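Work out the full structure, taking the sequences as your base and the hints as a guide.
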Amino acid sequence: MTRILLRNKLDECIAAWQKAGFSVLAPVRRHEMSSFGEVQKVADMALDLVLTERTIKDKFFPQTEPLIKYKISKQQIDSETMTPPDQKRVFFGVRPCDASGLAIDDPLFGWDYKDDYWFRRRDNSVIVTIACAKADDFCMCTSVKLSPESTKGADVMLRPLLEGSGWQIEVCTERGKALLEIVSSLLLEGNGHTFPLPQVAEKFDVEKVMEWLASKENFESQFWKDISLRCVGCGSCTFLCPTCHCFDIQDEGDTYQGIRRKNWDSCSFANFTMHTSGHNPRNTQSTRWRQRIMHKFNYYRGKFGVNSCSGCGRCTRQCPVDMGITETLQAISNLPR
Amino acid sequence: MGIQEQYRSEAAALLSSGEVKLIIGFGAGSTADRRRPLFARTPDEAQKFVLDAACIANLSTYLVTEGLLSDGKKVAVFLKPDGIRSVNILISEAQLKPEQVVILGYAIDNAEVTPLEGRKISDFSISEQIRSLTPPPHILQEAERIEEMSATERFEFWKEHFAKCIKCYACRQVCPMCYCRRCIVDVNQPQWISTSSHTLGNFEWNLVRAFHLAGRCAACGACDRACPVNIPLRLVNYRMGKEVSDAFDYCAGENSNQKPVLASFKQDDPETFIL
Amino acid sequence: MIYSPFPMRVVSKRQEAPGVNTLKLEFVKQEDHEFFKQNYKTGMFGLYGIFGEGESTFCVASPETRKEYIECTFRQSGRVTSTLASVDAGDIVTFRGPYGNRFPIEQFEGKNLLFIAGGIALPPTRSVIWSCLDQREKYRDVTIVYGARTVADLVYKNELDEWKKRDDVRLVLTVDPGGETPDWQDHVGFVPTVLEQAAPSPENTIAVLCGPPIMIKFTLTALQKLGFTAENVYTTLENRMKCGVGKCGRCNVGSVYICKEGPVFTAAEVQAMPQADL
Chain A
1 MTRILLRNKL DECIAAWQKA GFSVLAPVRR HEMSSFGEVQ KVADMALDLV
51 LTERTIKDKF FPQTEPLIKY KISKQQIDSE TMTPPDQKRV FFGVRPCDAS
101 GLAIDDPLFG WDYKDDYWFR RRDNSVIVTI ACAKADDFCM CTSVKLSPES
151 TKGADVMLRP LLEGSGWQIE VCTERGKALL EIVSSLLLEG NGHTFPLPQV
201 AEKFDVEKVM EWLASKENFE SQFWKDISLR CVGCGSCTFL CPTCHCFDIQ
251 DEGDTYQGIR RKNWDSCSFA NFTMHTSGHN PRNTQSTRWR QRIMHKFNYY
301 RGKFGVNSCS GCGRCTRQCP VDMGITETLQ AISNLPR
Chain B
1 MGIQEQYRSE AAALLSSGEV KLIIGFGAGS TADRRRPLFA RTPDEAQKFV
51 LDAACIANLS TYLVTEGLLS DGKKVAVFLK PDGIRSVNIL ISEAQLKPEQ
101 VVILGYAIDN AEVTPLEGRK ISDFSISEQI RSLTPPPHIL QEAERIEEMS
151 ATERFEFWKE HFAKCIKCYA CRQVCPMCYC RRCIVDVNQP QWISTSSHTL
201 GNFEWNLVRA FHLAGRCAAC GACDRACPVN IPLRLVNYRM GKEVSDAFDY
251 CAGENSNQKP VLASFKQDDP ETFIL
Chain C
1 MIYSPFPMRV VSKRQEAPGV NTLKLEFVKQ EDHEFFKQNY KTGMFGLYGI
51 FGEGESTFCV ASPETRKEYI ECTFRQSGRV TSTLASVDAG DIVTFRGPYG
101 NRFPIEQFEG KNLLFIAGGI ALPPTRSVIW SCLDQREKYR DVTIVYGART
151 VADLVYKNEL DEWKKRDDVR LVLTVDPGGE TPDWQDHVGF VPTVLEQAAP
201 SPENTIAVLC GPPIMIKFTL TALQKLGFTA ENVYTTLENR MKCGVGKCGR
251 CNVGSVYICK EGPVFTAAEV QAMPQADL
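Residue numbers (this note's numbering), protein chains in the order written: chain A, 1 to 337; chain B, 1 to 275; chain C, 1 to 278.
Derived from the structure by calculation, the hints contain no laboratory data.
On a predicted model such as this, the values are computed, not experimentally measured, just so you know.
A virtual CB, placed ideally from N, CA and C, is assigned to each residue, including glycine.
Any given hint could be a false lead.
[To be verified] Think about it this way: if two alpha-carbon atoms lie no more than 20 angstroms apart in a straight line, the pair counts; the simulated SDA-like pairs of lysine to any residue are:
| # | chain 1 | residue 1 | chain 2 | residue 2 |
| --- | --- | --- | --- | --- |
| 1 | C | 217 | A | 279 |
| 2 | C | 217 | A | 277 |
| 3 | A | 69 | C | 217 |
| 4 | C | 260 | A | 304 |
[What the hints assert, rightly or not] Computed spacing ranges between beta-carbons, pair by pair:
| # | chain 1 | residue 1 | chain 2 | residue 2 | range |
| --- | --- | --- | --- | --- | --- |
| 5 | B | 17 | A | 336 | 25 to 33 angstroms |
| 6 | B | 17 | A | 271 | 46 to 54 angstroms |
| 7 | C | 110 | A | 221 | 39 to 47 angstroms |
| 8 | B | 152 | A | 88 | 33 to 41 angstroms |
| 9 | A | 69 | C | 11 | 23 to 31 angstroms |
| 10 | A | 23 | C | 109 | 53 to 61 angstroms |
[Said to hold, decoys possible] Reference excerpt, derived from the structure (chain C facing chain A, CB under 7 angstroms, subset only):
| # | residue |
| --- | --- |
| 11 | 3 |
| 12 | 52 |
| 13 | 246 |
| 14 | 249 |
Structure follows, in structure tokens:
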């Protein structure tokens, strides 16, 4: 029997979850930016957005994360490993693209060496996805074989009801089931008619793209130079991408103490692969752009069986020069064979 | 003939005569209201240029791409007054040779686009335009609102905004004046500016950039538009520009013969030392 | 936890050549040492660092037959290496590893071994050389061809003397033309040229080749002229690294992550990579 969560019960749900030790995060608009932030009630939430400008990636892989606190002298080191906070969290109102971003990154952070900074946060969090009621010109989830109602990465999937009074519930995982147990008395039995999904037209043929990328002679094609002429080499697309995961490790402090940190980094930065000798394997913007596309649609797929893209379209939405991967993939799938 | 047609044929002529090797302009973007930078090397490609009131980006930033002008050939570029101002500043800082830049100038006034007379940088006398080139009213209003805040309120305001910064450096990459081959954040012996994106690190980056742009900013707003987390960077640079203007009666970009205000010393300067 | 390094005590520092030092490190904690002993195999690398400066990637220059300590040899070139070059015995530095893959030396048993190295690339080769020399009876002929720009730039000078004196090792030493000193007794010439002249036989031979990319390119050509196949030549690749465990996305050449699937590769594997990404 399906159940329904009514919007006017959400405040009580939040209170119940908080009582059970969860902090509740949802889409919010604060300081001219939409992102996920802690909320106390449904009025704090901004659930009408196509998606938030920032992803939930920040909450699992923060833009700067302390790893080790150290105190040093020449003949002694005192170091303390810093661990992520042990706070349970509910992410309410995640879009399917953002939720799938987390699932896409799991195999990388678990590749032989387990990155506990990621997994402790993952294990403490419950993802409640809300299926999309609208899309914009930049959405391209269907092109990467996801959809506005994809349950990938979701613990609970909510589908908006036609009248806007609430959501139809689908339980996706045990963790989701346990979360709903806490508020089971606040849920209604019933079906309800759900809001129709937005039509997100396919923008490129991802199979054709992968085929072209897999062909060795295309690695040095003039195509890469032509398509990346206007890229200015900032990190907007990589930092706002739900799946991008590159990072830097930096020590910060003074002569005697400091903190070793993991910071976001981007393959589009000029010095990303710079050797101390001065040799830089990717010393032009076109080689860096090629790396980005090949990594997402060839290397990552080869290793983990999935493309490193959730189709959210933020790369194009936020790009200062209107680039992003959609245009490149469209161009590749339109290349004469 | 509309301005778009006029410039398309001019661009095609510049390319087919071989006078320029490349033209940097605008093309249709991924949605109806967006325009994107477009590079044309042949007369056919020049037919794709679009020029309308949505073409607001400052394309002069591409002129300082590493190696672009090292062959001595010419490049043409579509520029508004703020872009022309940028070219003046770049020339005065020895980053561009005036004879290598052909300018297809235009101005946008109330959604109408008009051509500007001239092709060489020295043709454009826009100092009057620059002096009176105040930022859009909503920026001015916001600047005044902040001016009226107490120091604590102002700090809170900026703390909230800089806390959002993700150190993507989009502001730096789109800025024509940020052309350093090795930015100060990339120097690690010592690491002057923290690379971490916590609030302190974000303050360090944004303030240092504002200082490095003082007296050099063309007020084009590219940084503000580029910022993916909506930090009102225009306000910071506007305020710095005002400080310089009030202190030194200097406005960057009026012509290409200006001496950079914070990098030059005159015998009659009131200070007795260069610092 | 991941990214947490082991504290290491500097036992000694030896200058090998101008700007090049070897550090001998011992483990501060017993459990770290046990981990290393269980996991280290020749070819693997580590991230050597100093809190406050950062970490730098080099091979473990000591062989898998001598795991009581770690030796690393590096050129002073940037922030971390400059600080590492200035440590004294008794100082504490950090080590993270051992990471990466290994030279499959058990597959070399019963074969002739040809080691070729240039300049600062002798350290990774030296790790394999000693792993084999410490079990000398398992291998047949051992030939070492090593060259540097000048006599002063030769590293492990005392070990070169040792190898020269052994009658179960053939050592071919060379310096670049112009790098010789008046009393230089050995060859003068670039490594690929000298290699061709020494003309080792490819018959039942494994070659281990380490050096700067340009030297590898020309030496591979020389080896192929001598009849070696790319599957029988092993080499190491390096790239800028930060995490060392395949997560920071930086060290790949095409789809191959040097920190996880390397740094040891056959020449055939290297030739299969997109050369434009090297």
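Status of the hints after comparison with the structure:
no., hint, verdict
1, 217(C) with 279(A), "holds (16 angstroms)"
2, 217(C) with 277(A), "holds (18 angstroms)"
3, 69(A) with 217(C), "violated (44 angstroms)"
4, 260(C) with 304(A), "holds (14 angstroms)"
5, 17(B) with 336(A): 25 to 33 angstroms, "holds (31 angstroms)"
6, 17(B) with 271(A): 46 to 54 angstroms, "violated (40 angstroms)"
7, 110(C) with 221(A): 39 to 47 angstroms, "holds (46 angstroms)"
8, 152(B) with 88(A): 33 to 41 angstroms, "holds (35 angstroms)"
9, 69(A) with 11(C): 23 to 31 angstroms, "holds (27 angstroms)"
10, 23(A) with 109(C): 53 to 61 angstroms, "holds (60 angstroms)"
11, 3, "holds (5 angstroms)"
12, 52, "holds (5 angstroms)"
13, 246, "holds (5 angstroms)"
14, 249, "holds (4 angstroms)"
When the structure is compared with the earlier hints, violations turn up for hints 3, 6 and for no others.
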